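In case you want the letters, here they are:
2 protein chains.
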Amino acid sequence: MIRIGVDVGGTGIQVGVVSADNRIIREESIHTRTDLPFEEQLREMADCIISAVNNAGLTENDIESIGFGIPGIASAKTGEVIKCTNMGWHHLPFREVFNRYLNKPVYIDNDANVAALAESVAGVSAGTSSSVFITIGTGIGSGIIINGKVWSGAHHIGGELGHVIFDLDGVPCTCGNHGCLERYCSATALIRMAREAVAEQPDSLILTSVDNDPSRIEAKTVFDTARAGDPVAVKVYQYYISCLAQAIASVVNLLDPEVIVLGGGVSKAGDFLLDPLSREYRKYILFNDQTIPPLKLAVLGSEAGIIGAAMLS
Amino acid sequence: MIRIGVDVGGTGIQVGVVSADNRIIREESIHTRTDLPFEEQLREMADCIISAVNNAGLTENDIESIGFGIPGIASAKTGEVIKCTNMGWHHLPFREVFNRYLNKPVYIDNDANVAALAESVAGVSAGTSSSVFITIGTGIGSGIIINGKVWSGAHHIGGELGHVIFDLDGVPCTCGNHGCLERYCSATALIRMAREAVAEQPDSLILTSVDNDPSRIEAKTVFDTARAGDPVAVKVYQYYISCLAQAIASVVNLLDPEVIVLGGGVSKAGDFLLDPLSREYRKYILFNDQTIPPLKLAVLGSEAGIIGAAMLS
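Sequence lines, in order, name chains Z and L. Its first residue numbered 1, the first sequence is counted upward by one per residue in this note's numbering. Its first residue numbered 314, the second sequence is counted upward by one per residue in this note's numbering.
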């Protein structure tokens, strides 16, 4: 028997055929078509699944279950998508409609939760019973695993670490509030800090490395120029690390999981991110003379979305 | 059979004999004697338990278990007190030593966790399987219940909502960091805000109601004068409510429990606190067009410490 994991994104949908030992044995993808009616979108996904299964030399009968990771919130119990803005889905009976095209057990959860589950079963946090997975990209997402299960809240609205208040009356957030954590800890935040710094000090390597075009600054630009020793970049990098250290310590002060896993684009900075963070975040933990959760980099990368979705049950 | 709940505090220790239906049928107390050796302190507690049990017309044989709520952290698994600064206890084998004086099953947990458990089984959150209990007093404490069990973390250092970063580089905290949540949401914070306000506007009722002595301002002073319509007090009160609303919404964005329970001294303000908070905190929740956890006032009061400790298992 195999399980299907589907990673639903705003631009593309990845379908993976996952073996009993959590390996992807076949992967296919389709473009996201938000222009189509909901039913049609689901039919296209079902077709892609059948195709992937057949191309893996298997049939529909071999499918044990199908899991979907979506960039939104869903009720695992009812199979309803509650809200998924990128896809234009609001209160839709996902499982019921999908089962018209492919009648198998269907599970749905938020994509960060799904990635957290994947890492906690088959990735860097395998063998632990609690973990918090933090994706650091355009925004900040998180998935919480407690006693081996995803905890997304009683109303499926939890795991939104990015919108915890981190700086009272601070930087305005896209959500309408001020001082949300992702305004200080995401790639977007790092880029904002870099742009502010080069506006003051335009002789920085940050700016020259992007042909003096601030709009081309990426997270990687800051890491690369800090690594090269540019003083402006080093200062931005250190401040960003300090913000992220305080954010992670806050998660530990509240939840104290066995391990904290960092994923998303910014985590590609690797040890250049992890080493200073691991040194610095202890000082913001209240009981910092005790054993504290280690920080680890996610290992499954983009596969986490498929593997975790396939693990949903 | 009865269970014993012991509420260990820095000044006094309350012992309660708790019936099978979670009522305190006998309560006795002793003064905290941190001047005594650890063994002696535990022997005194055992003596007080025996006395309370006997005065309830029962014997040692009727005791099913003994639970302790302590103002610190402990390992439920090993029965070790990890750190309890008020009592001067650090890495002590509590269960092992206590069993020399009274050989019954012994459970220990943090006092906020214990109160959270009490409310979730026999109090305002009875019947729910997840809740976050927030005590608003000198500091901010919290207890997290997930799937009906206390979650205090993998290393017993969780539940410290008061030390989540809430205002980056903000007000210095007693813990050594800056901008901790309890610096904005505790009774201490409300008093600080009131003192700052009356320093600017000394004609406030806040100040005249304490004979112009700012050191006598309490949380209750602010609530009473705001209720009376004093403009300075109203402004302080509204800002404090806004802080607390953002703090509670942050807990919901991350954890989304079935219910949020508010306890501690500040919660005695009752509906004057709860009504504006309930109105305001929704706007800081990311998915605020969905069902969100209701806010409720704790109902067990000081009994929560005893009842919750007796419930530990």
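It should be emphasised that the hints constitute simulated quantities derived from the structure, not laboratory data. As the structure is a computational prediction, the values presented were derived from the model and not from experiment. Among the clues, some could well be false.
Said to hold, decoys possible - Covered by chain L, according to a simulated footprint, are these stretches of chain Z (three or more residues, beta-carbon under 8 angstroms): (1) 49–62; (2) 205–215; (3) 255–266.
Said to hold, decoys possible - Have a look at the derived ranges for each label pair, beta carbon to beta carbon: (4) R282(Z) - S442(L): 49 to 59 angstroms; (5) F272(Z) - S528(L): 31 to 41 angstroms; (6) S342(L) - V299(Z): 52 to 62 angstroms; (7) P231(Z) - T604(L): 29 to 39 angstroms; (8) S442(L) - R216(Z): 46 to 56 angstroms; (9) Y414(L) - S19(Z): 50 to 60 angstroms; (10) G614(L) - T34(Z): 36 to 46 angstroms; (11) E531(L) - K220(Z): 49 to 59 angstroms; (12) T324(L) - K220(Z): 48 to 58 angstroms; (13) G370(L) - K283(Z): 45 to 55 angstroms.
From the three backbone atoms N, C-alpha and C, an ideal C-beta is built for every residue, glycine too.
So, going through the hints one by one against the coordinates:
{"no.": "1", "hint": "49–62", "verdict": "violated (count 0)"}
{"no.": "2", "hint": "205–215", "verdict": "violated (count 0)"}
{"no.": "3", "hint": "255–266", "verdict": "holds (count 4)"}
{"no.": "4", "hint": "R282(Z) - S442(L): 49 to 59 angstroms", "verdict": "violated, 33 angstroms"}
{"no.": "5", "hint": "F272(Z) - S528(L): 31 to 41 angstroms", "verdict": "violated, 50 angstroms"}
{"no.": "6", "hint": "S342(L) - V299(Z): 52 to 62 angstroms", "verdict": "holds, 54 angstroms"}
{"no.": "7", "hint": "P231(Z) - T604(L): 29 to 39 angstroms", "verdict": "violated, 50 angstroms"}
{"no.": "8", "hint": "S442(L) - R216(Z): 46 to 56 angstroms", "verdict": "holds, 50 angstroms"}
{"no.": "9", "hint": "Y414(L) - S19(Z): 50 to 60 angstroms", "verdict": "holds, 57 angstroms"}
{"no.": "10", "hint": "G614(L) - T34(Z): 36 to 46 angstroms", "verdict": "violated, 53 angstroms"}
{"no.": "11", "hint": "E531(L) - K220(Z): 49 to 59 angstroms", "verdict": "holds, 53 angstroms"}
{"no.": "12", "hint": "T324(L) - K220(Z): 48 to 58 angstroms", "verdict": "holds, 56 angstroms"}
{"no.": "13", "hint": "G370(L) - K283(Z): 45 to 55 angstroms", "verdict": "holds, 54 angstroms"}
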